[in-house]
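S.K.: Fit chain L to the supplied structure of chain W, relying on the hints for placement.
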Amino acid sequence: MTFEFLLFTLNMNKIKSIVVVSLGLTLGLASCDSGNMRRTPGHIYAPDMTYSVAYDAYTSNPNFSDSLTSRKPVEGAIARGHLYDHLKEGDTTAYKTYTTSMRFNADELKEGGRLFNIYCGICHGSNLDGQGPLFASGKFASMPANFKDAKYLHMPVGQMYAAIKYGKNMMGSYASQLDVKQRWMVLAYIKKYQSANGGDAFTFGESGKATPVVVDTTKGAVAMADSKDKKDEKKK
Amino acid sequence: MPESLKPLFRICSRSAFAFFIVLLLCNFSASAAPDGKALFMSNCASCHNPLKDATGPALKDIDKTFPDKEWGHKWVKNSQTLVAAGDPTAVAMFNKFGKVVMTPFPQLSNEDIDAILAYVDAYAPPAAAQAPRGGEEAAGSNDNGWIYSILTLTLLVLAVILWRANSSLRRAANSVEGVPNEKEIPVYRSKLVIAVTAIVLFILAGYWIVNGAINEGRQQNYQPLQPLFYSHKVHAGINQVNCLYCHAGAEKSRQAMIPSTNVCMNCHKQINSYTGAESYALKTAEGKEINGTEQIQLLYKYAGWDPVKKDYNRDAKGNIMATPIQWVKIHNLPDHVYFNHAQHVKVGKVQCQRCHGPIQEMDEVYQFAPLSMGWCINCHRQTEVQFGANNYYSIFEKYHQELKEGKRTGVTEAEMGGTECQKCHY
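As they're listed, the protein sequences go chains W and L. Quick note: the first sequence uses the working numbering, first residue 1, plus one each step. Quick note: the second sequence uses the working numbering, first residue 1, plus one each step.
Chain W with its partners taken away, still in its complex shape (with noise of 0.2 Å):
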């Protein structure tokens, strides 16, 4: 405002002046700007504060040729809950008789559920019949596994697991996003689901006996999916 009435009181020259350099400053102030968007972090008061001194995860470490912090484990360890799992890629005769002696209870089922919907649900769909976001709207070349289909109805569950572990076709391996107990207990979520829909006896309950399938405890995620694949539906 001040710089306005300056303006006005000065002469024809000086006013032409300044007009050019406050252009100028105007225009090269805006071309620094960059809304809010900023490509560097900036300074910091205390490096040693800021910086941990021990190598943490994800930052690069001078001892390593390839400065990956984070290493492979040493051959043969086994990681935490991950003791009984004997599976050998590969031993496709073994993956048929392979299963758990673990027993999920109402609330492990459901998160169960949760994962599958998570990791699974993105491809296989959370209908489970394997009209996934990704199929459906036709990324995808080729159909997830439908398990309400009568091929993998009847599937032994080590089959399934050494598809988790280990993937299959173009499934890839979710070892490295689901531990142990989680692969089991998104496996005990989609037997019990295939039980409700002319599958085998569910035997994973806690109980361990096969118990005759009451209530769905996957409603409320199902018709939440319907909904949304309906959505899709529609926008084709």
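Read the hints as simulated data drawn from the structure, not as lab findings. The reader is advised that the hints may include incorrect statements.
[To be verified] These stretches of chain W come out as covered by chain L in the derived footprint (C-beta under 8 Å, 3 or more residues):
#, stretch
1, 42-48
2, 146-156
[As the list claims (entries may be wrong)] A partial selection of chain L residues facing chain W, derived with a Cβ cut-off under 8 Å:
#, residue
3, Ala45
4, Asn49
5, Asp53
6, Ala54
7, Asn221
8, Pro224
9, Leu225
10, Ala248
11, Asn262
12, Cys267
13, Lys269
14, Thr275
The beta carbon of each residue, even a glycine, is placed where N, CA and C say it ideally should be.
M.R.: Chain L in isolation, oriented as in the chain W frame:
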């Protein structure tokens, strides 16, 4: 009914009857023939696509490459007998797709196979769904700021001009009427103007210096260039991939985990091109266009995946020849602050967006929150945690009791020691 219309009516009714009969017949014949689509979906679709190569070849018009119809039936029922017999077409096909054995389908009849082939030959791709264009709207709302500032400036200039015109008119009127004019002091020499300007500048400078000093070391809005253009909007927004799918560690550990390339390849083994360019064009924050398909090819280089061979490149020991992508870390907390993702996501049930902002809307991720101590403490003070049905908080018996008695409506993190210094600084 007039006599003249009777023949016409007769013709109409007869032709309608005939039409229905034909329709019925068509219907019967359709239901009698095997349903190619259903058969394809349940038997073939997990390895084949009509248009694209997947585990097996694209099936549209594949029967034209068969020596004869018989051969196709044999191949589907058991491809290995043909390969073992040394049939040249069969051996070539087998080798082309990495010697992956096709599942034999002895249960399919010749008619079934013909129906499947007829279905894939007639297959046409569904029309692509149009995603809403969010980017342009956002740009439009940004532009409003400019319009307002230009308007304000014009109004100010107008006001000054009017004020000057007014005062010179008054001076002219005064000189006409013989009233002596006061000697005008130029604005820049007026003591009042100088004093006010000095005070305003002093306050502004103080504000600027203090704010700059406080923000030193904070990185809000930091949006580094990454080695690979990965759009969170395309993955988490448009394609609905859950955050935890890639950042599985957010529930399990201190680190949310940056996914290794094998996680990318879970989907990108199949998705080898960016098909959404028409409905949503990728752009950097500077507005530079990005070719999504090129970025996927770049991912293949990192992951050691050969898109032609459809397999990983392996060294002599059989290890996949992948190199990690060196992503630039965006959210940096000083070393003297401890932060744990699992504690917030699993125990506190905090949504990712609470701290990371609208991640599903961001192409390139920027730091949404200031990540200052005041910001942390504020949330710890104000947010009522999910207290009931949460095993992690079962030891706070007094609070549970008070909740039961109706003495309190909720529990904040601060009330459980969330503002103690040692909670984060140790």
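S.K.: If any of the earlier hints don't hold here, list their numbers in rising order.
M.R.: No numbers; nothing is violated.
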